[in-house]
Amino acid sequence: MKKIIQYLTVYLVLCIAISSAFSQGLAPPSNVTAVDTPNDDGSSITIKWDAAPEDSGISGYQILRRIAGGGLEEVGELLPAGTTTYVDSTIEKGNAYAYIVRAVSATEATVESEETAPVSGSGEWFHTGKIPLLVAMLLFSAAIVWNIYDARSGKEIFVRRIPGLEAVDEAIGRATEMGRSILYSLGLGRVDEVPTIASMTILGQVARRTADYETPLRVPCRDPIVMNVVREVVRTAYLDEGRPDVYNEENVFFLTESQFAYAAGVDGIMVREKPAAVFLQGQFFAESLILAETGNSIGAIQIAGTDSEHQLPFFIAACDYTLIGEELYAASAYLSKEPMLLGSLRGQDWGKLFIFGIIVLGVVLELAGVNWITTLLQRVS
Amino acid sequence: MKRQVPLILCFAFGIVMILTQFSPHSFSQGIYEEVISWTLIISPFALVLATATLIQTHVARIQRRTDHWQYSFVVFAGLITMVVIGVPFGPQHQAFEWLYTNIQVPMDATMFSLLAFFIASAAFRAFRARTFEASLLLITALIVMMGNVPVGDLIWNTVLGWLPLEDGASKARQWILDNPNLSARRGIILGVSLGIISQSIRIILGIERSYLGGGD
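Order-wise, the sequence lines are chains A and B. Heads up: the first sequence begins at 1 in our numbering, then just goes up one per residue. Heads up: the second sequence begins at 1001 in our numbering, then just goes up one per residue.
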């Protein structure tokens, strides 16, 4: 028994000695700096310090801060060893804060760095990290605007054939010959979404033709605001064609805001009314195939278009023609043949050419061991 | 004037909203959030519009005795029941929640589950090996399907065990998804992004005006 007590005493003394040796050897975090976080709204301060050696015995860091003239307070949780940066997003604007980084060992021994100079957060008016993005956007916009105004000179602009848009007349003609209606769905998008606006443009062109042929055009809407804008688009198209008498406001109607109830409603209209042509243009989600397959089952000629790459395979499988991605946005220019709109398409192609060039150059440079394009793109993203 | 004011507003707000994307300052972010929150104001009006249009459409159907006009009574029954329970007692009320959970959710799920059958019928048509492209699609689909199920690798390892590639089905599937599939998707995304920018510029500059309810 006496021996056991002796062993335990020796063990305890050793433990205390080792822990005290470690705590004595715990070096304070060095080169601690606190700066206003760049490119933010002034709501944070970034604290940085040098990495401690692996055998330093540090198991974590605790950040402490002091508002000028006040006491020290802990900020956030204990940071793991190896951390060298902390962003304090809990500051109040207008106050200056001084920071201390406290190193903590496994035995809870602590040592603190020197206090930094007080710093306060201030918002930046311009995000310098977005300069490459701004330059790319300006270049691309300039290319589009230049081409739009160049198109005014009357130069003929070549636009490749888009089968889905070529088939619009065929679909409307077929419905007219069969004496059946045309169903046009703008999908689930809201009025502030670009695919919905692009779809409205196509609808305007479709409505002009249906006005000429007196073919009923049915437009079930998922969003009441979209419904009102669409009513105006269709009404104006009929007016422009000199056929306001053919326009029937009730043909543009609100169905429901619920995704699958909308799909059920549109499916029901398809099955009951058997439209000869179905247009599915805009933003679609999981209901895309439900709509397209029902349209297929009634034998309607179907022209779909969406910018969602997840729904495109469904449309391609189930529809006769599909506008793939950007073709949806090219539709207004293609159908109207308006030179200024066609000019914007050419500007868009210049943008694609530029990106293609960057990709090829990036690949070649990467193969040669130069990675500045990759670094630049990573920084932008 | 009816056309000019919306175009000026569209131009001004378009430019301001673009600028806010490049300025992290609280002032510009405040403008951004404020403008976005304005869209919420439209929602109550939209709700009234939606209800009015729905009632108008179905009343007209009943009056004219169009095909299946009886179903319009189901619409009114649903609308009135939810309003009578939801408006005075709120959406947290037990009866309201019960109706939502036991009627709307199962009906939504029913429609969603139809997707499985539609996928099968669409895949059957798409994968018929009538052309070279369709055959390619069929082979690729088979590899991806086999790679998605555990039995795919089992078959691979049993039948093609002599090959120096273990679990080839799942590896081939992953390669297809990571390379040709991802490349095509990114190509579409790039085109779509440029298309959106181009469309936005046309709208901001007032070249694209169809959303105002007229021609171009």
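Check before you lean on any hint, since a few could be wrong.
EDC-like cross-link-like pairs, simulated, lysine to aspartate or glutamate; straight-line CA separation at most 16 Å [as the list claims (entries may be wrong)]:
id: 1; chain 1: A; residue 1: Lys93; chain 2: A; residue 2: Glu166
id: 2; chain 1: A; residue 1: Lys337; chain 2: A; residue 2: Glu166
id: 3; chain 1: B; residue 1: Lys1002; chain 2: A; residue 2: Glu166
id: 4; chain 1: A; residue 1: Lys130; chain 2: A; residue 2: Glu232
id: 5; chain 1: A; residue 1: Lys155; chain 2: A; residue 2: Glu338
id: 6; chain 1: A; residue 1: Lys274; chain 2: B; residue 2: Asp1067
Don't read these hints as lab results, they were simulated from the structure.
Holds or violated: are the alpha carbons of Lys155/A and Glu338/A at most 16 Å from each other? With a Cα-Cα distance of about 12 Å, the restraint between Lys155/A and Glu338/A holds, given a limit of 16 Å.
With a cut-off of 16 Å on the C-alpha distance, tell me whether Lys274/A and Asp1067/B pass. Judged against 16 Å, a Cα distance of about 13 Å means the pair holds.
For a C-alpha distance cap of 16 Å, please report whether Lys1002/B and Glu166/A respect it. Roughly 34 Å separates the two Cα atoms, so the pair is violated.
Is Lys337/A within 16 Å of Glu166/A, Cα to Cα? Holds, at about 12 Å.
Quickly compare the C-alpha distance for Lys130/A and Glu232/A to 16 Å and report which way the hint goes. Answer violated: Lys130/A to Glu232/A is near 39 Å, above 16 Å.
Does Lys93/A pair with Glu166/A here, judged by a C-alpha cut-off of 16 Å? 59 Å, violated
Comparing the model with each earlier hint shows violations of hints 1, 3, 4; every other hint is respected.
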